[in-house]
Each structure stands twice: as C-alpha cells, then as structure tokens.
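Listed below, chain by chain, are the residues.
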Amino acid sequence: MKAMFRKNPLLTAGLIILILVILLAVLVPVFSPYSYQAQDVDRQNLSSSVSHIFGTDKFGRDIFVRVWYGTRISLLVGLGSTAICGLFGILYGSAAGYAGGKTDLILMRLADIIDAIPSLLYVILITLALGANVGSILLGICISGWIDLARIVRGEVMRLKTREYCIAARMTGATAGRILRRYILPNGAGPVIVNITFMVPKAIFTEAFLSFVGAGISAPAASLGTLIQDARSQMLVYPAQILYPILILCILLLSMNLIGAGVEAGENQSEARMFISFSQGKGYRG
Amino acid sequence: MPKYIGKRILISVLSLFMLVTAGFFLTRMMPGSPFQSGNVSEDILKSIEKEYGLDRPVLKQYQVYLKNLLRGDLGVSLKKPDVTVVEVIIRAVPSTAILGLLAILTASVLGTVFGIWQASSKNKVVRGGIFFGAILGTGIPNFVIALLLILLFGVKLKLFPIAGLTDSRNYVLPVLSLAAYPTAVITRLVQNTFCREMEKDYVVMARAKGLGYRRTILTHVLKNAWIPVLNYLGPAAAFLLTGSFAVESIFTIPGLGREFVNSIGNRDYTLILGLTVFMGIVVIGINLLTDLLTAWLDPRVRRTFL
Chain R
36 MKAMFRKNPL LTAGLIILIL VILLAVLVPV FSPYSYQAQD VDRQNLSSSV SHIFGTDKFG
96 RDIFVRVWYG TRISLLVGLG STAICGLFGI LYGSAAGYAG GKTDLILMRL ADIIDAIPSL
156 LYVILITLAL GANVGSILLG ICISGWIDLA RIVRGEVMRL KTREYCIAAR MTGATAGRIL
216 RRYILPNGAG PVIVNITFMV PKAIFTEAFL SFVGAGISAP AASLGTLIQD ARSQMLVYPA
276 QILYPILILC ILLLSMNLIG AGVEAGENQS EARMFISFSQ GKGYRG
Chain D
6 MPKYIGKRIL ISVLSLFMLV TAGFFLTRMM PGSPFQSGNV SEDILKSIEK EYGLDRPVLK
66 QYQVYLKNLL RGDLGVSLKK PDVTVVEVII RAVPSTAILG LLAILTASVL GTVFGIWQAS
126 SKNKVVRGGI FFGAILGTGI PNFVIALLLI LLFGVKLKLF PIAGLTDSRN YVLPVLSLAA
186 YPTAVITRLV QNTFCREMEK DYVVMARAKG LGYRRTILTH VLKNAWIPVL NYLGPAAAFL
246 LTGSFAVESI FTIPGLGREF VNSIGNRDYT LILGLTVFMG IVVIGINLLT DLLTAWLDPR
306 VRRTFL
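Heads up: the sequence lines are chains R and D, in that order. Its first residue numbered 36, the first sequence is counted upward by one per residue in the working numbering. Its first residue numbered 6, the second sequence is counted upward by one per residue in the working numbering.
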C-alpha cells in the first residue's frame, strides 16, 4: 500500500486533497456558528476576518459556511450519479458484450441513439420539468452518463469471454452471471475503473454548470455553481466573493482529475514506469 | 460504404426524433403557464391558451409540433409573440458559429503543437508542464476560466474588452475560455497517438531512408495522428454549443447560448424547445459528418461497425 502511494504521486496528491475537502464539507457546516441561509443586514459584504473566514455576501451570509455547504451538494451529485451510472453501465455493457449477436447490436445502437445528443440539453430540460433539486439533476446526468462506461465494459467482456479460463468455467457449468463476476470483470477492471473515476468530476462540473446558467439548485440552498453565479453581479466590486467558491470548485475538480490521471497511469504500468504521459516522451528526435 | 452511411443516417434520425419527443413532453410538464402573471383573468388565460393551441390534447399538440418541425417551423416565442423561434435562431447563429469556429481552430492548432511537443521533448519540465496544463484544462469549467480571464485581463490589466462583440479584440477572451477544454483534450489525443505511431515501421523506414525528423512528422505521422482528433470534432461541437451558454452570457454576446440561458430565465418554453431541437440537429449533423469522414479515411472503422 505504502509503496503504491510512493510510486503514484498523482493518485496520492489527489486523494489527500479530496479527503481534506470532504472533511471540511462535512465538518464546517456542523461546527460553524452560522447557518447557510441566515441573513444579517449589519454584516453585508464584509471582507475576510477571523469570525467570517471568507467574509460575507450581499445578504450578510457567511461565505465560508455556504461554500462548504455547496461542496456537499457537489459531492453528493458527483458520487451519487457515479454510483448509479457505474452500476448501470457495467450491467448494460456486460449484458451486451456477453450476449453478443443481435442483442448486442440492438443494445449498442440504442446507446448510440441516446449518446448523439449533448447530455446537458437533457439535463436542463429535466431540471426545468421536474424542479431544480438534487434528484432531477441526478436523473438528468444518469440518462446518458453510463454510455461510455457501457461501451468500455462491452469491449472488455467481448475481449475476455473467449479466453480459455472462461470457456473452462462454462464447461464446469458456471452461470453467465458467475462467469462475468468471477472471471471477466476482475480481469477487465482496469479501464473500467479509470472511466468510473472520471465520472465524478464530470458530474460535479455538470451540476455547477447547471446552477450557473440558472437551471440548477435554487435559493436559498446553494451549490458552488449558484454561489459563483450569485457573486457575479458584484464581481467587479467584491472579487473575493466569487474567487472563494471558484477556488474550492477548482480544487475539488482538480483533485478528482488527479486521482483519475493517477489511476490511469497506474493501469498503464506496462509502460514500466509511472507517469505514462511523462515517460512517453522518449526523445524520438534522437 | 453505402450500407454504413445508411445505418449512420438512420441512427441520427432516431436520435433527433427522441430528442424532439423527450423535449416536447418535458416542456409540457414544466410547471406553471407561461402566460400566468398576477392580473390576468381566467377567461383571458383560457382564450390565449386556445390561440396557441394549448387547450388541445397533448398528443394532438405533439402531432402539430412534429408536422410544423418538418416544415422548418418551430413556433413563436411565448414571451415575445412577434418573433418566431426561427428568427431568433437566425439572428443568433452567426456570433455563436464564429466563436465556435475560432475556438476549435485555436484548439486544433495549440493542441497539435502541445501534443507533439510533449511527446517529443526530452525536457522533463516541458513534459510535466504540458501534462499538468492538460489536467488543468480538462478540470476547470469554462465559465470559471471566463470569469478568471475577465478579472485578470479585463479588470486588472485592462488589456481586452469584457463585453459585446464590437471589434476583433472582443473575441480574444471568449475564444480562449471556450478553447481551453478542447485544447487539453486534443493535446492528450495527439500525444497518445503520436507516441503510438512513432513506434511503427513506416516511421522507422522513413527515418532509415534519410528523411528528416520534421519531414517525417509533417508528411507521415501527422496524417495518422489526426484521425482521433477528427473523431473528436463531433463531441467538440457539442461542447462548444453548450459551453457557449455560460461563455456568451458572461461576455454578453448575442448568440445561441445567451438566448438559451435567457429563455430559461423567462421560462419561454417554445424558445427553450426550439433552441434545444436546433442544437440537437447541429450536433447530430456534425457527428454524422465526422463519422462518415473517418470511415471514408479509415476503412477499418466501417468494417468493425456492425
């Protein structure tokens, strides 16, 4: 374990940052004396101080609490949608890949049909129709969020299902589900895990984007996107109010992307060194 | 090839049909009547709804919408009844198209240069720098980049204007904020395929017969390294269109994205649906074109497509 982290600085750095962010998002709203929605007319637009670490917004709400409260929503959407899309994508891809033939054809064409349309359009329509809450955002993301994963899983299943050990397992009478679970998926886990890791930041981005264009979580609850949008009206006067949520959002997304890059690099160990992308510069000019 | 083209077109038509259907019923499900505003009496509300055909059964309305759509009629804006949705689109398309083209052009050039640079550099700092630059580019949302660019170049340094589209300097910041993500993606794509191609026999052959490094890349490797980039143009179009929502609102550019965000704010359902359908057509069309182009360039693609 220790060796793994030493060998993979990307993954380690990403995980440490992410754990810090999660801790703050869970603990700050619990221990802070301020609530995310309590307004205070005497304390509007304060700059940061000991009592208000990030200052206050135009309604006198404490930005520090609101930012971490927003991070909670981001994390909820990111992890929730990843769990749903991940499970569905694996099931769908396994079914298509293992069945093969006509079933595979129909299932994958269906995925193509859904995939041809930018998912943000669906998400926006759904949040407008079903109300701006975490549930409808999750639903919107999950409509097309599983497709890339399903394609990858299908490819892996197709590649592995004709291997000798799978044929042997079938000859001993193992069911399709057991073969998939015990023999195929563990061997094809690499690319699947990489894809799942990148789902989280994508979903967090979608949620922030939605809130930013005005189709996401509505007031007084605030996600990071809403906070950025709210602070935009007085961005030129109080740039700090917009920079804090931006900073946290970027840290969150970057930590996830670092983890993804780290997992990806770890998967491509065949390159014999970490940092695929570093080591691949082999000085071809030579 | 004709069989492949037929299948791709069928899938595209089905996608579009699904988008129109889902979009239509979702907009009908949206809460509240667009005409509701405190002082309108029941009778007037009823008569307006009748005029727009909103009192008929939903399935009937759906039929009418489909029929009109085939004739290229997307209805009228509910908030501004004197403009049709098509007029709004025609007025908004040029700015969005110019921005998008400039952004994808910037991204293609920068991405190719960075990708090859990262792959062929012996300098660890250069490789690491481009690698982390690409992580930043894929990680930071475009609206955040746009806001940061405004704060830095527009407000602090006062180098570029931050709103409108009056002269060419107005394009710099929006194009940069839109191009950041595609640049990062293309960098990674080019770098990956470049490394793979460089190991192949034809490169060894070209080098062995005495072709210079630059000439080898330009005449042989780039052609192959560009195929994944071509494939990416479809998703890039989708990204640029949806990315324009935020970037155009931030820089107050009168394009499709800003119209869309405004129509969300106004709950102008026909406009929302019309713009969605139009953007769906554009993205599906570009996806279809790039897919056909790749299949034409690389026969392996169409053979593996079931």
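No wet-lab data here; the hints were simulated from the structure. Note that the structure is predicted; figures quoted are calculated from it, not measured. Treat the hints with caution; some may be incorrect.
Unchecked claim - Each computed DSBU-like pair below joins lysine-lysine, with the alpha-carbon atoms no more than 30 Å apart: (1) Lys12(D) / Lys72(D); (2) Lys163(D) / Lys93(R); (3) Lys137(R) / Lys196(R); (4) Lys8(D) / Lys127(D); (5) Lys214(D) / Lys228(D); (6) Lys127(D) / Lys161(D); (7) Lys137(R) / Lys12(D); (8) Lys8(D) / Lys72(D); (9) Lys127(D) / Lys196(R); (10) Lys93(R) / Lys228(D); (11) Lys228(D) / Lys42(R); (12) Lys196(R) / Lys8(D); (13) Lys161(D) / Lys42(R); (14) Lys12(D) / Lys214(D); (15) Lys8(D) / Lys228(D); (16) Lys137(R) / Lys129(D).
These are the hints, each one checked on the structure:
1. The suggested pairing of Lys12(D) with Lys72(D) holds, with an alpha-carbon distance near 24 Å, which does not exceed 30 Å.
2. Distance check on the hinted pair: Lys163(D) and Lys93(R) sit about 26 Å apart at the alpha-carbon level, within 30 Å; holds.
3. Distance check on the hinted pair: Lys137(R) and Lys196(R) sit about 17 Å apart at the alpha-carbon level, within 30 Å; holds.
4. The hinted pair formed by Lys8(D) and Lys127(D) fails the criterion: a straight-line CA distance of about 47 Å is larger than 30 Å.
5. With a CA separation close to 19 Å, the supplied pair Lys214(D) and Lys228(D) stays within the 30 Å bound.
6. Proposed proximity of Lys127(D) and Lys161(D) is contradicted: the alpha carbons are some 37 Å apart, above 30 Å.
7. Between Lys137(R) and Lys12(D) the alpha-carbon distance is near 15 Å, which keeps this suggested pair within the 30 Å criterion.
8. Of the supplied pair hints, the one linking Lys8(D) and Lys72(D) holds, its CA atoms being roughly 29 Å apart against a limit of 30 Å.
9. Distance restraint check for Lys127(D) and Lys196(R): the Cα-Cα separation of roughly 41 Å exceeds the 30 Å cut-off, and the hinted pair is therefore not satisfied.
10. As the CA atoms of Lys93(R) and Lys228(D) are separated by approximately 55 Å, the hinted pair breaks the 30 Å bound.
11. A C-alpha spacing of about 36 Å is found between Lys228(D) and Lys42(R), which places the hinted pair above 30 Å, so the restraint is violated.
12. Only pairs whose Cα atoms come within 30 Å are accepted, and Lys196(R) paired with Lys8(D) is accepted, the gap being roughly 29 Å.
13. In summary, the hint linking Lys161(D) to Lys42(R) is not supported, as the alpha carbons are separated by about 41 Å, beyond the 30 Å threshold.
14. Under the criterion of a C-alpha separation no larger than 30 Å, the hint pairing Lys12(D) with Lys214(D) is inconsistent with the structure, at around 43 Å.
15. Distance check on the hinted pair: Lys8(D) and Lys228(D) sit about 26 Å apart at the alpha-carbon level, within 30 Å; holds.
16. At roughly 49 Å between alpha-carbon atoms, Lys137(R) and Lys129(D) are farther apart than 30 Å, so this suggested pair is violated.
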